[in-house]
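A.B. asks: If you read the sequences in order, they're chains A and B.
Per numbering that gives the first Met the number 0, the very first residue in the first sequence carries number 0; after that it's consecutive.
Per numbering that gives the first Met the number 0, the very first residue in the second sequence carries number 0; after that it's consecutive.
What the hints contain is simulated information worked out from the structure, not anything from laboratory work.
You may find that some hints are simply not true.
To give an idea of the chain B side of the interface with chain A (calculated C-beta under 10 Å), a few residues [what the hints assert, rightly or not]: (1) V128; (2) A186; (3) N290; (4) A437; (5) G440; (6) P661; (7) D662; (8) T663; (9) L665; (10) A666.
C-beta: ideal position from N, C-alpha, C; glycine also.
Protein chains: 2
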Amino acid sequence: MTAPDTTAVDPTAVDTSALRAVVDTSALRAVVDGRWATVREETRAQLAGQPGMRADPDFSSEAYRAHVTDALKLLTATGRAHSGFDPAVGGQGDVGGVVTAFAMLAYGDLSLLVKAGVQWGLFGGAVQVLGTERHHERYLRRIIDGELLGCFAMTESGHGSDVQHLHTTAVYDPATAEFVIDTPYPAARKEYIGNAARDGRMAVVFAQLVTGGVGHSADARSACASHGADARSACASHGVHAFLVPIRDADGNPAPGVTIGDDGRKAGLNGVDNGRLTFSGVRIPREDLLNRFADVAEDGTYSSSIDNETARFFTMLGTLVRGRISVAGGAGAAAEKALALAIRFGERRRQFANPATGEEIAVLDYLAHQRKLLPALATTYALHFTQDDLVARMHDIQAPGSGPVGAREQRTLEQSAAGIKAIATWHATATIQTCREACGGAGYLEENLLPALKADTDVFTTFEGDNTVLLQLLAKELLSDYGRTIKQGNPLKIAPLVGRQLAGVVAEHTGLSSLGRRLPGLRLDLTDRRRRRELLALRRADTLATAIRRLAPAMRSGNDEFAVFNASQDLLLVAARAHVDCLVEESFAAKLETVTDPGVRELLEKVYDLHVLSTIDRERAWYLETGRLTAAESRSIRPLVNGLCAELRPYAGTLVDGFGIPDTWLACPMLDDDAWAPAPGAPAAGVLEEVTTG
Amino acid sequence: MTAPDTTAVDPTAVDTSALRAVVDTSALRAVVDGRWATVREETRAQLAGQPGMRADPDFSSEAYRAHVTDALKLLTATGRAHSGFDPAVGGQGDVGGVVTAFAMLAYGDLSLLVKAGVQWGLFGGAVQVLGTERHHERYLRRIIDGELLGCFAMTESGHGSDVQHLHTTAVYDPATAEFVIDTPYPAARKEYIGNAARDGRMAVVFAQLVTGGVGHSADARSACASHGADARSACASHGVHAFLVPIRDADGNPAPGVTIGDDGRKAGLNGVDNGRLTFSGVRIPREDLLNRFADVAEDGTYSSSIDNETARFFTMLGTLVRGRISVAGGAGAAAEKALALAIRFGERRRQFANPATGEEIAVLDYLAHQRKLLPALATTYALHFTQDDLVARMHDIQAPGSGPVGAREQRTLEQSAAGIKAIATWHATATIQTCREACGGAGYLEENLLPALKADTDVFTTFEGDNTVLLQLLAKELLSDYGRTIKQGNPLKIAPLVGRQLAGVVAEHTGLSSLGRRLPGLRLDLTDRRRRRELLALRRADTLATAIRRLAPAMRSGNDEFAVFNASQDLLLVAARAHVDCLVEESFAAKLETVTDPGVRELLEKVYDLHVLSTIDRERAWYLETGRLTAAESRSIRPLVNGLCAELRPYAGTLVDGFGIPDTWLACPMLDDDAWAPAPGAPAAGVLEEVTTG
């Protein structure tokens, strides 16, 4: 790669095809593909061979659901679904590979991605990790083969985020050795459940496990479940557990006691049959409790390897981290596809003539257009590498043959997954929106693929954990970690450290080098990569310190806990965001170290620079308010970002080629070169003179 | 209204229904309804009586289009469509009223809004304002009555924003006294044309008018059209004009020479039949040139009351400003509906228990939730009043009996319309997205109305002028105005004024008071309303001065015009945005002056404060970089915004009630109080201890 001469950039003179040749695209692809390159290549070949899986955008919900159920069968035939399961049940234990392949389904049809995620990730995954041998033998092979389609019934219409306190009950009846499943009131129905409205035969149902409650009224059982194990009554609640519950018979009719509703048309993902499940006295055998972490003996005696109810619940949830990581991956792939569409369109579409030449200017040559798309592309690259790191960490913990998992390692993985899922899905939503707008009217037509990307991924920001709640969870974990560091259980009850002292402790805890911490007034040259990195680390440390400083004294003085928490909720979210910004930067920086091809490395370094500078740019008010940047330093960001946009513009096409999205999934009328045949005569008009609209 | 005690806000103790009574809702409604209150009441009654017009979200495009065409007929029966046309053609000349009523259709079905806008606003509007008596007599009554459905065929697939240089040709043939309409190449086809795919019988087609071109090849005619009137050839081009072209016969078959394509499924607005029109040698009588501003005599002699081709074109376009204002109004109403849904949901939906009480907390009581919705609500109020001002200004210029319109008055209206359309539609897109996310999974279901709002309004940011292009247009106009002020034709060719001198001239030009300008270092107390207002005005003046300072010297030194323009494109957009921020603030402040009810006034003052503070908050990096705010002042914004959110939270329901959206159009399952029947027993858990997800 030859660095363009930025002193005299004439973007209209750029011959895009020639420049693409300067960077070795296959070397770039290899870097992008990373550890699961083979899986990616196989998945690409499979996707490329299935253009018939593309849904008709005018499908009714019924037709689209049938189409996706058929596509799921085609997917079963590829064997990919098997590969993520344990070898003991016929799989290959390739946890990282299956998540990587899953995310790539976003290049095709996102309804299929979600349907597959429900069937094998959530339903099958829950049976594997929460169940034991008896469940694996009886159900898992049929789940993998797609013979038994099922649901993951956790969310209730009244309890989405606060799943520990969901209200469905499973009361054990020792007389028959059965659990009785009930929905105690309307807002406790299971809601938004994939596979429920049409295809599911069975559901993993999350419910409050109650023993000793038979003979009580449904209301009393529910009250018992709500008040937890401490309730002084004949019955005892043991918290949320997972149960296998048949919801339909072999003919597809609802099972006795099960009422099934249909969520109907949604903003997107209409190939997935989301529905509602209400249970009334549904009886299942004792053995259909998924009993890896807890069990109920025939006489009703409850036992668990984990004594603390909350700890048990989080252990169960933790095994399901794969779903959250998969959603982040799907969001990333969707953003990649949107950028590939918008950047290719921006290279082709011309608007207004250059007064010097009379030639119309490609819209991607406009600075405003570059600033919409290129920083988003840089961050998409950054998140791609971050996601790969996350998948690798999960694989190394979960794959068969991994050593024992430390609690700290598992917790850190969960924290990262929560934060990255939130940031990656918000990034996808914003980026796809920007890409739609960048394609104007063409971007609004379904034939050009952007509308489905937008509509289908929109729910990613609120499912598998609402993003705001996830960042709050991460912030709380960061506070706890900090508390552990300073040898106190609860960070809110520590003696208040003030000012620099606290910031110093946090900085040390977060691994900030001494330079940035000790010399906050030092002039930071924003062209220096190390300094920029330290700016991100400083922000991580400072925002966490600020949150602690606000919360700790207020908590100690006996104030109302909710009021104290609520007054600082925005600070907590800022601290979580700053933490994730560092994770993303670290993954990208580590990736750069591994790149050997000099052209690819030079290119990716510029992408990295643009990503990091854009992050600092987004938060520059904070840097100014805290004195971490001077006004002059802050003002220097804009020309740096603009310069990087100009430098990267000729490589924008190469960069989206780097994702390796099969051409069959990008083909659309707005990218058909025949549609852009030149005009017989091009009008000449000055940009400033002739800015008109209509 | 009694101001809540902010020192000890306990939002969970708020009894929303009681607080709503404190503010006189009908007095609030009267303020919100403004000048066209009667029209609003009539339209509400009509909408409330038509709940059957609600579309089935699972409609095929075909069924939805038929549904909307039927709904258009119902709308015709209300007589509202007539009212905007001139009394001479059977209307009432109530320009402001019809635009107000039109925008309110966004409370119902946006496909109907757009279909009505195409038929009466664009198609009928063009016939009225660009045509003359012969067109009015022959067509207008049938257009108003919905007997003649038609299209507004301006945009081409290769020329959306640069409409002055569109490529469709209309060549006059004196032998038959006809115009011959041609689409010279694929990207010159008319694209995204409403009413084209199914219902339209006629189109107002914008094309390059060529005389003396018969006998030339199509290519030669096109080349002539492209090169303008200066081309030395037998034919002469006179620029873009509008023609009435039949596109279908009475049986609905395409007219000879007209090829009609279907844009197919779109991201939204699928009740509107958008399509593509390609013309090949289509002949229309000479009389079907819409000849208000220019005509062609039978012998082919061209004449116009406006000599300059560009001036003529912009005069024609200027008469169509109503479309842009209507889109801004529709976007505003859509944002209002989204907020009404999300805020009512936020009052009902509870998540996590307050550890002090064991009661679950309404999600709108969380600070993070308030910060998502309440500043957006405040800005929606601000834009509502801004829109009303814009409509009133247009009415006073366009309504029958208005005096002669000054060029300056017309230009200022067009500038405001361009800027406000851009800001209002982006605000709607962002706000509806936020509302969708704030309702979680419920917000993703079509039954809860948010998905259609999002999908249908999404194109508003790029149609009737792409927002980025509109802001650029506004910025260019601001530069021109500035140039005129200092008695120079071209602001880029003026002697460069530097530093304070230039800022001073701009400040004076933009009406900034001396205080803010002369004392930039003065401590600005952000609780002071006048000072905040000056901060906005300062930004308007400074950003324009910066753009001029960058552009002027570069232009004078003989650099490439496009390169110079492009290097400052981001600064131009910033200046335009800052200008619109002032327009919005001014409208809201002026409105406050008219409010007599003390409770309503106190409430709206807080809404105003939150809007203005949020605007400054959004741009605080700029204020810090320019030294207009100190770090401490900037840091003071966050607690002020949070405090206003807490103060306004109890009135959030009242404020959305103020919009007066008919309940039939807000009714949806997620707001059904039966669905939120309380749990038999509520679990108690600390917010910080139990933040869990799933």
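A.B. asks: Compare the structure with each hint and give your call.
C.D. replies: Verification of the hints:
1. V128: 14 Å, violated
2. A186: 6 Å, holds
3. N290: 20 Å, violated
4. A437: 9 Å, holds
5. G440: 4 Å, holds
6. P661: Interface hint status for B/P661: violated (23 Å vs cutoff 10 Å).
7. D662: 21 Å, violated
8. T663: At about 19 Å, which exceeds the 10 Å cut-off, the nearest Cβ of chain A leaves the hint on B/T663 violated.
9. L665: 18 Å, violated
10. A666: 15 Å, violated
Hint check: violations occur at hints 1, 3, 6, 7, 8, 9 and 10; the rest are consistent with the structure.
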